[in-house]
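J.: Sequence:
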Amino acid sequence: MKITHLISSLVIIACTSVAWFILGAALSQRTAESSSTIQAEVSGVWGPAITQVHPQAWFETPNAPGGKAVVLPKSSQVKVNLVSDPKRRGLLWHRTYDVDVKADYVFTNPTKIPQTFYISFPLPTDTAGLNGFVFRLGENDDASQSAPGTSGVVTRAILLPESGSVTLHTGYRTRGTNTWKYQFTDNRRIAGFNLTMRTNFAEINFPVGTGSPSKRSEDPQGFTLTWDYPDVLAAPSIGMDMPKRLNAGPIASRIAFFAPVSLLFFVTIILLIGGIRAINLHPMHVFFISAGFFAFHLLFAYLVDLLPLIPSFGISAACSVLLVCGYLKAVGGNDLFRIALPAQVVYLVLFSASFFIDGLTGITLAVLGVITLAILMFLTARIDWKKFFAKKPPALPATVV
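Add 7 to the 1-based position in the sequence shown for this note's numbering, that's all there is to it.
These are calculated hints, taken from the structure and not from any lab test.
For each residue, glycine too, the CB sits at the ideal point set by N, CA and C.
A hint or two may mislead.
[As the list claims (entries may be wrong)] Here are the computed distance ranges between Cβ atoms for each label pair: (1) 315 <-> 58: 31 to 37 Å; (2) 58 <-> 228: 22 to 28 Å; (3) 58 <-> 28: 37 to 43 Å; (4) 40 <-> 253: 55 to 61 Å; (5) 77 <-> 215: 24 to 30 Å; (6) 326 <-> 251: 24 to 30 Å; (7) 90 <-> 326: 37 to 43 Å.
[What the hints assert, rightly or not] Here are the computed lysine-lysine pairs in the PhoX-like style, where the Cα-Cα straight-line distance is at most 20 Å: (8) 119 <-> 75; (9) 86 <-> 109; (10) 251 <-> 94; (11) 81 <-> 109; (12) 188 <-> 109; (13) 188 <-> 86; (14) 9 <-> 393; (15) 222 <-> 188; (16) 251 <-> 86; (17) 119 <-> 81; (18) 188 <-> 119.
Build out the structure end to end from the sequences listed, making use of the hints.
T.: Take a look at the structure:
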C-alpha cells in the first residue's frame with residue numbers, strides 16, 4: 008500500500024464527513040422548525056401539560072389571618088385514569104394523552120358553631136375543554152349550578168352545622184400532553200389522602216419533584232399505582248410522564264453526525280486486512296465505499312418522512328449493505344466479501360441501531376473501538392511495516408525470445 012493512497016483515502020473520508028455534517032445539520036434544522044411549529048398546533052388541539060391543584064375551603068373568622076380560616080379536606084379519594092395516545096406530526100411524536108379524574112373530598116367544620124363554608128376546586132388551566140365536569144356538594148346537590156369564575160376556580164358556599172361534614176363529588180375528562188400532575192399548594196398537613204392512578208402503559212416515569220407511589224401492581228394492560236398520605240406534612244406532588252417514543256428527526260441527525268466514526272473503522276479494517284491478503288484497494292475504491300455508506304444516511308433521512316422509523320432503518324441499511332458488500336465482492340471476490348459483510352453489519356448497522364436506546368451509544372462506541380484495536384493488533388503483529396508501505400519496484404519488461 009502506498010502512503011499517497013492512504014492519505015488520499017483519508018481525504019475522501021474527510022470530505023464524506025463534511026457531507027454527513029451538512030446532512031445532520033439539515034435534519035436538526037428541520038426537526039427544530041417542525042417542533043416549534045407543530046408543538047403549538049398540538050397544544051392547541053390537545054392542551055398543555057395538565058396540573059390539578061388540591062381543593063380547599065375557607066370560612067370567615069376574626070381569629071384567622073386576613074379574616075379567613077383555610078380548611079383542607081379531612082379525607083380525599085381520587086381516581087385517575089391515564090390513557091397514553093401519542094400522535095405523530097412530521098418527524099416527531101407528541102406525547103398526548105386522555106385523562107379521566109373522579110374525586111370525593113370530605114370537608115368538616117372544625118368549630119362548635121355553624122359556619123358558612125366556601126369550597127373551591129381549581130380547574131386545570133388552558134385545557135382543550137373539560138368533558139363531563141361534575142361539582143356536587145352532597146348527594147342531592149344540582150351540579151349544573153356550578154361554574155368556574157374568571158380565575159378558573161369553581162367555588163360554592165354551604166352552611167355546615169357544628170362539626171358537620173359535606174362531601175364534594177367532582178370529576179372531568181380532558182386531554183393533555185407530556186405530563187399530568189396533582190399538586191399540593193403549600194406545606195400544610197395533608198390527611199386521609201388516597202390517589203389511585205391507572206395507566207395503559209408500562210413505561211413508568213415520575214416527573215422531577217414528585218413522590219413515588221406507596222403501592223404498585225402491573226398487569227398486561229398497564230400499571231395501577233396508589234399514593235397514600237394518611238398524615239403527611241409538606242406532601243410531595245404526584246405526577247406521571249407519558250412514555251417516550253423514538254423520534255425520527257433527532258435519531259437520524261445524531262446517526263449522521265457520528266457516521267464518520269463507523270466509516271473510519273470500516274475502511275481501516277478493509278484496507279489493512281485487504282493489504283495483508285494482497286488485495287490492494289485504490290482510493291477510488293474508498294470513494295465508492297464512502298458513497299455506499301452515505302447512501303444509508305441519505306435514504307434514511309427521507310424515508311422517515313414516509314414510513315415508520317424501524318422499517319425506514321431496515322430498508323436503508325439493507326440498501327447500503329447491498330451496495331458496499333456487492334461492490335467489494337466484485338472488487339476482491341469472496342475473500343473481501345467475507346470481511347466486508349460482518350464489518351459493515353457491526354460498524355454501520357449495529358452502531359447506528361445503538362442510537363435507538365438512550366445512553367447506549369457511548370458504550371457501544373467504546374466497545375467497538377477496543378474490539379477493532381484488538382483485531383488489528385492481532386492481525387498485524389508480524390507485519391513488516393517497512394515492506395508493507397514500501398514502493399514496489401517496477402515490473403521488468405517481458406523478455407522477447
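J.: For the range 31 to 37 Å, tell me whether the beta carbons of residue 315 and residue 58 fit it or not.
T.: For residue 315 and residue 58 the Cβ distance comes to about 33 Å; the hint holds.
J.: Hey, residue 222 versus residue 188, does the alpha-carbon distance stay inside 20 Å?
T.: At roughly 18 Å apart (the allowed maximum being 20 Å), residue 188 and residue 222 satisfy the hint.
J.: With a cut-off of 20 Å on the C-alpha distance, tell me whether residue 188 and residue 119 pass.
T.: With a Cα-Cα distance of about 36 Å, the restraint between residue 188 and residue 119 is violated, given a limit of 20 Å.
J.: Using the beta carbons of residue 326 and residue 251, state whether their distance is inside 24 to 30 Å or not.
T.: Distance hint for residue 326, residue 251 holds at roughly 28 Å.
J.: Compare the distance between the alpha carbons of residue 119 and residue 81 with 20 Å, and conclude whether the hinted pair is satisfied.
T.: 17 Å, holds
J.: Do residue 90 and residue 326 keep their Cβ atoms within the hinted range of 37 to 43 Å?
T.: 38 Å, holds
J.: That 22 to 28 Å hint for residue 58 and residue 228 (C-beta), does it hold up?
T.: 26 Å, holds
J.: Quick one: are residue 77 and residue 215 within 24 to 30 Å, going by C-beta?
T.: Given range 24 to 30 Å: holds, Cβ gap about 28 Å.
J.: Is residue 251 close enough to residue 94, meaning Cα to Cα at most 20 Å?
T.: 12 Å, holds
J.: So if I understand the rule, the pair passes when the alpha-carbon distance is 20 Å or less; does residue 119 with residue 75 pass?
T.: This hinted pair holds, its Cα atoms lying about 17 Å apart.
J.: Given the hint that residue 188 pairs with residue 86, does the C-alpha gap stay at or below 20 Å?
T.: 13 Å, holds
J.: Between residue 40 and residue 253, does the C-beta distance stay in 55 to 61 Å?
T.: Roughly 20 Å apart at Cβ, these two residues miss the hinted range, so it is violated.
The earlier numbered hints that this structure contradicts are 4, 16, 18.
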